[in-house]
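**Student:** Residue-level listing of the chains:
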Amino acid sequence: MLSYILRRIGIGLITLLALVVLTFLLVHLMPGNPFDIANLTPSNQEEMMRFYGLDRPMGEQLAQYIGKLLHGDFGISFKKTGVTVRGLIASEAPATMLIGGIAFLVALVLGIAIGIRMAVTQREWVRGGILTLTTIGISVPNYVLALLLMLVFGVGLKWFPTMGLSTPAHYVLPVFTLAVYPIAQIARLVKSSYGEALNQDYVVMAQAKGLSRARISLLHVLKNAMIPVITTAGPMAAFLLTGSFVVETIYTVPGIGREFVTAVSNRDYTVVMGLTIFIGALIILCNLAADILCAAVDPRIRLGKR
Amino acid sequence: MDKRKFLALLLSLVLAAAPMCAAGAEGTGKVLRLATFSGAGDLDPAGIAIDMWTEYCKLCVDPLIRFDENGEVVYEAAESYEVSDDQLVWTFHLRENGKWSDGSPVVAGDFINTIQRALNPDNGMSIYASVLYPIAGAQEARSGEGSLDDVAAVALDDYTLQITLKAPCTYFTSLLTVGPFYPSKTGLATLEDPAWWKNPETSLGNGAFFMTDYADGDHYTVRKNPYYWNADAVRLEEIDVQLIYDQQALLAAYQTGAVHVATGLPDYIGMSYQGSDELFIWNMLTSKFILPNLNVAPLDDLRVREAIALGIDRAQVCAVIGTDYIPSTSYVAEYMMSNASSEYFSKERDPLFTEDIEKAQALLAEAGYPNGEGFPTLTYTYPNSDKDSLLAQAIQAQLKMNLGIQIELNGVEDQVYSTTRADGSYDLIRHSWTADFNDPINYLDLYTSYSGGNYNGVNSPEYDALIEASNATSDQVERNDLLHRAEQLLVGENFYVIPVATQVYICLHSPNLTGVTVNEKGEPMYRYADLEA
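Keeping their order, the protein sequence lines are chains A and B.
Take the first sequence: its letter number 302 is residue 304 in this note's numbering, and every next letter is one higher.
Take the second sequence: its letter number 96 is residue 79 in this note's numbering, and every next letter is one higher.
Note that these hints are calculated values from the structure, not bench results.
Be aware that a few hints might be false.
[Claimed, not checked] Partner residues aside, some chain A positions facing chain B, computed with beta carbon under 8 Å: (1) 34; (2) 38; (3) 44; (4) 45; (5) 46; (6) 81; (7) 84; (8) 137; (9) 157; (10) 163; (11) 165; (12) 251; (13) 252; (14) 256; (15) 267; (16) 268.
Beta carbons: idealized from backbone N, C-alpha and C, even for Gly.
Chain A with its partners taken away, still in its complex shape (with noise of 0.2 Å):
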């Protein structure tokens, strides 16, 4: 098992790697220069750019990015004065986790919850209802959703506030939107990872030995359907963790997400780069953990030869 998680660490070290590079290189060869704003002229764009050392060699800035990196250091934002990228990161990202993480809770327990009941159901209008409704919510996309939900339940019947998370009520149409998609797509796994596992002999034996049936169905079922559900997981905490664009900017939540996109319009290079790098490792470590969780369940695949 060590040697297992080893080497996923590995191969996720060096992604990251990769990560850094390539992105350093996409961000230096977008075209135009991060200081053409607000009537700047073009001998006031170079100053700037000589300034932040910009006009050097590529591979001098890069080995330079690299090494501050190391260090901790993510460099500072060339659109806020006084504002480094790591701190940046530490204001932003508990918010976009916050939602994210919640809800990822709420996706994997309805999700979970809404399957098993679509897979032991004996009534067709119930199977039926609950997967067009699943079918819905994996087909319509997030900013439509947000936009509605913000219209009938914020704007229309004024039961949730629309922007900013300043009270709990303020979470609950953000963690919605977000939560819709992971809860359909999850519900439909174990619905079919449920129904499988509940044909296999082993139900059968333990129904013929008398266990109850909540026993069977946690014990013995569950464990067995949530295989692919935590295969799943992994991206999906992924996805959820480093944030919506959509959900943010709709919202009004200070988040990464948002901030993301607002650099890459800007051009802030340091700050695109260094939530890159954040985000990319949150997907690596979600990845891993999804792994090794997975090994943990089912012994075949640590022991998969390679």
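Given the structure of chain A, go ahead and fit chain B onto it with the hints provided.
**Tutor:** Showing chain B alone in chain A's frame:
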């Protein structure tokens, strides 16, 4: 089922929490909540003093003087000023009752603090340093050739600031409204602490309000400055400035009552709130125009440029784009105040040209392209935002319909757009210019043959001479005439630039909000506003 009960309980708890938060924001005093669409830049007058600063300075930082909506001087931190006969030495007498929000006096050194920080070669964020260059020794200090000690902005005593220019600058008072001329508290606003502006401890205000809370990209809060010299006129207790980047979210925030003021709304709001007291139109100092590349045939032919200018029905173009675009044939922003009268510069003269489709067709025929026959397909490059795409299509349709000219549209990313504009690899390109300060020179000096902002190859010694003459005279009326002649030469005679529209911001103001004033740039000012119950 228990599960169902639990869910019902959870949902009702959440629902119960909703009204609580709505009530929580209102304190005892009057709190104005306003939302703006851009959090770009920072709050350091010697830093990236763009969008966010523009709103903040009107609330918290008083310059020496500013101008009202008629272009009249309003004395803020300065009580009076005088200028020497040779127009070189400007002496400002500060208010002795001018105070920072910690109770300390506002002294001449606080103005010099910003000037010195903006010119310091180690300040990499000082984007507006160039507005200080008329000051003797300023440009040399910034480039490192001279010393900061030689910059001719000095304190004669605590309440007297003397600025010596290297040459007369007739629009010097207009420059005083740009960041580097604002004060910042000596000892607290320093280069050593580049984040001083977001820390309420060091970010003092000498204006009607001062900052109490700042959250990056989210909001900041300002409270009434008890030491403000004109504090009696300030009615609001607190102002909460929210940054909402999404227009729909901005509108929702207004419609749910989460904010009293929403700035920069979608254009259809201009229609749906038409005639309502809540609608507030902010006339921007912006000009949208087409730049013909003078090095590309047949755009080097004056008749062709004039045909394009005359052959576009601007009212129809703007009808396509939305209520926030106003037709304009003026290159200097339509709503810019004149220095010589209390009218708009653009209203002091006859229109630079009049749309005339028949004449345009005749001109095109004269140039050898009757009904557009044989006219090469030109490209029109523009940044591919929603508005600019609509503008491009409308212009394309107009030229096709009226002149039979085929234009190929080339919508590109912002970055590509600015590179293309700078290196001249276009036929026609959309350009837009928003003034930094209220003076026509802000527009006109872009097209001197030696200007860095002259992107399409205008090279007219006559034009250069007019601009130079306008800079040399201290007589505002004479200067104003010279600027009018320059604009006439640039647009009405040579069509080096082809104006199309100007822009406004659509804003909504709560019906309870009163006392909003407007400055010379058309921007709403909330410092003396009031909220009625």
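**Student:** Take the hints in turn and mark each one as holding or not.
**Tutor:** Going through the hints against the structure:
1. Among the interface hints, the one on residue 34 (chain A) holds; its C-beta lies about 3 Å from the nearest C-beta in chain B, closer than the 8 Å criterion.
2. Against a cut-off of 8 Å between C-beta atoms, the interface hint on residue 38 (chain A) holds, since the closest Cβ of chain B lies about 5 Å away.
3. Checking residue 44 (chain A) against chain B: minimum C-beta separation of about 5 Å stays under 8 Å; hint holds.
4. A distance limit of 8 Å between C-beta atoms decides the matter here; for residue 45 (chain A) the minimum to chain B is near 5 Å, and the interface restraint holds.
5. Interface restraint check: residue 46 (chain A) against chain B, minimum CB-CB distance 6 Å, threshold 8 Å, status holds.
6. The beta carbon of residue 81 (chain A) comes within 6 Å of a beta carbon in chain B, closer than 8 Å, and the hint placing it at the interface holds.
7. With a least beta-carbon distance of about 3 Å to chain B, the hint placing residue 84 (chain A) at the interface is held under the 8 Å criterion.
8. Because the beta carbon of residue 137 (chain A) sits about 22 Å from the nearest beta carbon in chain B, more than 8 Å, this interface hint is broken.
9. The interface hint given for residue 157 (chain A) holds, since its Cβ lies 5 Å from the closest Cβ of chain B, which is under the 8 Å cut-off.
10. Evaluation of the residue 163 (chain A) hint against chain B yields a held restraint, the C-beta minimum of about 6 Å falling below 8 Å.
11. Restraint check, residue 165 (chain A) versus chain B: the minimum CB separation of about 5 Å is within 8 Å; hint holds.
12. With a cut of 8 Å, the hint placing residue 251 (chain A) at the interface with chain B holds, because the nearest CB-to-CB distance is about 4 Å.
13. Of the supplied interface hints, the one on residue 252 (chain A) holds, with its beta-carbon coming within about 5 Å of a beta-carbon of chain B, less than 8 Å.
14. For residue 256 (chain A), the suggested interface contact is upheld, since its CB lies about 4 Å from the closest CB of chain B, less than 8 Å.
15. The beta carbon of residue 267 (chain A) is positioned within 8 Å of a beta carbon in chain B (closest approach about 7 Å), and the interface hint is therefore held.
16. Because the smallest distance between the Cβ of residue 268 (chain A) and any Cβ of chain B comes to about 7 Å, under 8 Å, the interface hint for this residue holds.
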